[in-house]
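Take the given structure of chain A and dock chain B to it, following the hints.
If you're matching them up, the sequences are chains A and B in order.
Take the first sequence: its letters are residues 1 to 202, numbered as in the numbering used here.
Take the second sequence: its letters are residues 1 to 35, numbered as in the numbering used here.
Derived by calculation from the structure, the hints in this document are not laboratory data.
Any given hint could turn out to be false.
[As the list claims (entries may be wrong)] Here are the computed lysine to any residue pairs in the SDA-like style, where the Cα-Cα straight-line distance is at most 20 Å:
#  : chain 1 : residue 1 : chain 2 : residue 2
1  : A       : Lys70     : B       : Leu30
2  : A       : Lys70     : A       : Phe160
3  : A       : Lys70     : A       : Ile121
4  : A       : Lys70     : B       : Ala22
5  : A       : Lys70     : B       : Val26
6  : A       : Lys70     : B       : Ala34
7  : A       : Lys66     : A       : Phe160
8  : A       : Lys70     : A       : Leu202
9  : A       : Lys173    : B       : Glu10
10 : A       : Lys70     : A       : Thr138
11 : A       : Lys70     : B       : Glu10
12 : A       : Lys70     : B       : Ile25
13 : A       : Lys173    : A       : Lys70
14 : A       : Lys173    : B       : Arg6
15 : A       : Lys66     : A       : Ala135
16 : A       : Lys70     : B       : Ala28
17 : A       : Lys70     : B       : Leu31
18 : A       : Lys66     : A       : Glu123
19 : A       : Lys66     : A       : Leu201
20 : A       : Lys66     : A       : Thr198
21 : A       : Lys70     : B       : Arg6
22 : A       : Lys173    : B       : Leu5
23 : A       : Lys173    : A       : Met191
24 : A       : Lys173    : B       : Gly27
25 : A       : Lys66     : A       : Phe129
26 : A       : Lys70     : B       : Gly27
27 : A       : Lys70     : A       : Gly59
28 : A       : Lys70     : A       : His126
29 : A       : Lys70     : B       : Val23
30 : A       : Lys173    : A       : Glu123
31 : A       : Lys173    : B       : Ser7
32 : A       : Lys70     : A       : Glu25
33 : A       : Lys70     : B       : Val29
34 : A       : Lys70     : A       : Ile35
35 : A       : Lys70     : A       : Pro131
36 : A       : Lys66     : A       : Thr163
37 : A       : Lys70     : B       : Gln9
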Amino acid sequence: MESASVAHAEHHHGPPAANVSSRVEAQVLGMLLFIISEVMLFGAFFTAYFFIRVVADSGWFPLDDKELPKLVAGVNTAVLISSSFTMHWALEGARRGNRRAMQVGLLTTAMLGLTFLSVQINEYVHIGFAPSDNAQGTIFYGLTGLHGAHVFVGLTLLTFATTRAFRGHFTPKEHRGVEVPGIYWHFVDVMWIVVYSTVYLL
Amino acid sequence: MLNPLRSEQEAFRFLLYVLAVAVVIVGAVLLVRAL
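Here chain A stands alone, though its shape is the one from the complex (with noise of 0.2 Å):
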């Protein structure tokens, strides 16, 4: 009897404290309004791009002979895309307790990120254009910079994360340091390849 009213106590499903959701844990809360605030920024600067392409059929690159570089920002894709494959890798290592794993795939990713940044300022510098020379660079920096902000603080969040991993920080059980940057990596992937398709190729 006594047993049976411990086991109830331990299984106990009335209403939670007054400050907790009994739907929501709080960092998923947070972490799901901080992803839908990003949703909305990055809809507003697609609200621009299909103003200046749909509504107000200005057009798109090529123009005034300045053409979009499909092919390097193509390559600078994949190196982002399989920085996601690497930071996977890490979480895997993160908590399967392989150590050796996690740092070498967080290190790696962070490389790759750098990589991609680079790449990215490189095309800036060579691209021909500027923000202020017509609606369509405007909105083309607008996009790919507000990406690439967002690539730094990943970039910011993974070097935190490598060293805590170069220091012993994480276990199979506690990672949540390594999970949070690979849930928000993740995000800055997804958006790039809605920003690569939609900027560049269509």
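Coordinates of chain B only, in the frame set by chain A:
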């Protein structure tokens, strides 16, 4: 149901789905334009 905010694993799977969908859409649009 897939929730990319729940874990890195699900976020990674979501990324692969988005990639597949993007490849199909871009491929279809480029094909239609070429015809």
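Results for each hint:
| no. | hint | in the structure |
| --- | --- | --- |
| 1 | Lys70/A <-> Leu30/B | holds (14 Å) |
| 2 | Lys70/A <-> Phe160/A | violated (33 Å) |
| 3 | Lys70/A <-> Ile121/A | holds (15 Å) |
| 4 | Lys70/A <-> Ala22/B | holds (16 Å) |
| 5 | Lys70/A <-> Val26/B | holds (13 Å) |
| 6 | Lys70/A <-> Ala34/B | holds (17 Å) |
| 7 | Lys66/A <-> Phe160/A | violated (39 Å) |
| 8 | Lys70/A <-> Leu202/A | holds (11 Å) |
| 9 | Lys173/A <-> Glu10/B | holds (18 Å) |
| 10 | Lys70/A <-> Thr138/A | holds (18 Å) |
| 11 | Lys70/A <-> Glu10/B | violated (30 Å) |
| 12 | Lys70/A <-> Ile25/B | holds (17 Å) |
| 13 | Lys173/A <-> Lys70/A | violated (43 Å) |
| 14 | Lys173/A <-> Arg6/B | holds (16 Å) |
| 15 | Lys66/A <-> Ala135/A | holds (14 Å) |
| 16 | Lys70/A <-> Ala28/B | holds (18 Å) |
| 17 | Lys70/A <-> Leu31/B | holds (17 Å) |
| 18 | Lys66/A <-> Glu123/A | holds (13 Å) |
| 19 | Lys66/A <-> Leu201/A | holds (15 Å) |
| 20 | Lys66/A <-> Thr198/A | holds (17 Å) |
| 21 | Lys70/A <-> Arg6/B | violated (34 Å) |
| 22 | Lys173/A <-> Leu5/B | holds (18 Å) |
| 23 | Lys173/A <-> Met191/A | violated (30 Å) |
| 24 | Lys173/A <-> Gly27/B | violated (42 Å) |
| 25 | Lys66/A <-> Phe129/A | holds (8 Å) |
| 26 | Lys70/A <-> Gly27/B | holds (15 Å) |
| 27 | Lys70/A <-> Gly59/A | holds (17 Å) |
| 28 | Lys70/A <-> His126/A | holds (13 Å) |
| 29 | Lys70/A <-> Val23/B | holds (15 Å) |
| 30 | Lys173/A <-> Glu123/A | violated (42 Å) |
| 31 | Lys173/A <-> Ser7/B | holds (14 Å) |
| 32 | Lys70/A <-> Glu25/A | violated (42 Å) |
| 33 | Lys70/A <-> Val29/B | holds (16 Å) |
| 34 | Lys70/A <-> Ile35/A | violated (28 Å) |
| 35 | Lys70/A <-> Pro131/A | holds (18 Å) |
| 36 | Lys66/A <-> Thr163/A | violated (42 Å) |
| 37 | Lys70/A <-> Gln9/B | violated (30 Å) |
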